[in-house]
Amino acid sequence: MKTLADLKKIREKAQEEMKLRGGSVRVKIVVGMGTSGIAMGAREVMKTFLEEISNRNLTDVLVTQTGEKGLSSMEPVVDLIEEGKAKVTYGNMNPDKVRKVVVEHIVNGRVVSDYVVATGD
Amino acid sequence: MQDISLHLLDIIENSVRARARNVKIRVIKDVGANLLRIIVEDDGSGMDSETLAMAQNPFYTSKAEREKKVGLGIPLFKQNAELSNGSFMMSSQPGFGTVLTVDFELNHIDRMPLGNLKATLLGAIVGHPEVDFHVILIHCDRGREHSFHFETAAIKEELGDIPLTYPDVIEYIDQSLNEGIQNTNMENV
Numbered sequence: 000m001k002t003l004a005d006l007k008k009i010r011e012k013a014q015e016e017m018k019l020r021g022g023s024v025r026v027k028i029v030v031g032m033g034t035s036g037i038a039m040g041a042r043e044v045m046k047t048f049l050e051e052i053s054n055r056n057l058t059d060v061l062v063t064q065t066g067e068k069g070l071s072s073m074e075p076v077v078d079l080i081e082e083g084k085a086k087v088t089y090g091n092m093n094p095d096k097v098r099k100v101v102v103e104h105i106v107n108g109r110v111v112s113d114y115v116v117a118t119g120d
Numbered sequence: 000m001q002d003i004s005l006h007l008l009d010i011i012e013n014s015v016r017a018r019a020r021n022v023k024i025r026v027i028k029d030v031g032a033n034l035l036r037i038i039v040e041d042d043g044s045g046m047d048s049e050t051l052a053m054a055q056n057p058f059y060t061s062k063a064e065r066e067k068k069v070g071l072g073i074p075l076f077k078q079n080a081e082l083s084n085g086s087f088m089m090s091s092q093p094g095f096g097t098v099l100t101v102d103f104e105l106n107h108i109d110r111m112p113l114g115n116l117k118a119t120l121l122g123a124i125v126g127h128p129e130v131d132f133h134v135i136l137i138h139c140d141r142g143r144e145h146s147f148h149f150e151t152a153a154i155k156e157e158l159g160d161i162p163l164t165y166p167d168v169i170e171y172i173d174q175s176l177n178e179g180i181q182n183t184n185m186e187n188v
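So the protein sequences, as listed, match chains A and B. Numbering follows numbering that gives the first Met the number 0, in which position 25 of the first sequence is assigned residue number 24; successive positions increment by one, without gaps. Numbering follows numbering that gives the first Met the number 0, in which position 72 of the second sequence is assigned residue number 71; successive positions increment by one, without gaps.
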């Protein structure tokens, strides 16, 4: 059974880590979760991002879900936002592409241009 | 949508879009009553009776900022419930919120599977840190009842400024939901 005491340990560990690296979020991932996104597999895209963050212990990445943004024909759509850089929008995503984006873009800092459908605001 | 959990995710996203701060999700499997019931209750902006009726029409959408002129989420969920001899009820009060109750006949041949409930709940909880979720799973089988309660407010309070997407937190929520889903026999439903 998981208890709130487990969370206290996690918090202490996380606070220690945040002190070391200054506490900022390096990458923000926004997964489009409108009706058409969900129908096209956005939930599995979200799930894979969470698995990768957990497995690779990526402590400076944030993931959120949002509604549709008018790119229905390219769903599932994912925005990657890094401080001081133009927003990158990936389209037609699936779990395999997510794993590649995590390794290439989030870990190694190289945009996976094959999957990009838009950049900037 | 291939399963009920995907519809559930779609409904939760509606609640979030209606600026809900609290979303209560109940999944009840009652073997004796041959019933699978999903209840989603939010304290979002709510709808007046006209909008409520319109929301069940596929050619209505509240998402006016987009070019899209259809809203299939609710009509499809309703259709899928009715296909399995179930029912779909939505009630709402502007300023107070919306309650949606969807029933399926548990052993109906045309009932879609419950699907990956954990992926729906984990994504919604972690993906909307501003919303407090209360998840209740209940399994009844002729007098025996198992239930699971999960409230994210207590977790967030314990975590302070540590985000829900912190790796160990994802794992914590994932495992908690997993245990709850197993204990209430909500796998392969």
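Don't read these hints as lab results, they were simulated from the structure. Glycine included, each C-beta is placed from N, C-alpha and C at the ideal position. Just so you know, not all the hints are guaranteed correct.
Computed footprint of chain B on chain A; a stretch qualifies when at least three of its residues, placed anywhere within it, have a C-beta under 8 angstroms from a C-beta of chain B [to be verified]: (1) 6-20; (2) 60-67; (3) 82-88.
Pair ranges (Cβ atoms, derived) [claimed, not checked]: (4) B:His148 <-> A:Asn56: 46 to 52 angstroms; (5) A:Leu19 <-> B:His145: 40 to 46 angstroms; (6) A:Ile80 <-> B:Val30: 45 to 51 angstroms; (7) A:Asn107 <-> B:Phe58: 45 to 51 angstroms; (8) A:Pro94 <-> B:Leu82: 26 to 32 angstroms; (9) A:Gly83 <-> B:Phe95: 38 to 44 angstroms; (10) A:Asn107 <-> B:Glu150: 37 to 43 angstroms.
These are the hints, each one checked on the structure:
no. : hint                                      : in the structure
1   : 6-20                                      : holds (count 8)
2   : 60-67                                     : holds (count 7)
3   : 82-88                                     : violated (count 0)
4   : B:His148 <-> A:Asn56: 46 to 52 angstroms  : violated (30 angstroms)
5   : A:Leu19 <-> B:His145: 40 to 46 angstroms  : holds (43 angstroms)
6   : A:Ile80 <-> B:Val30: 45 to 51 angstroms   : holds (47 angstroms)
7   : A:Asn107 <-> B:Phe58: 45 to 51 angstroms  : holds (46 angstroms)
8   : A:Pro94 <-> B:Leu82: 26 to 32 angstroms   : holds (29 angstroms)
9   : A:Gly83 <-> B:Phe95: 38 to 44 angstroms   : holds (43 angstroms)
10  : A:Asn107 <-> B:Glu150: 37 to 43 angstroms : holds (38 angstroms)
When the structure is compared with the earlier hints, violations turn up for hints 3 and 4 and for no others.
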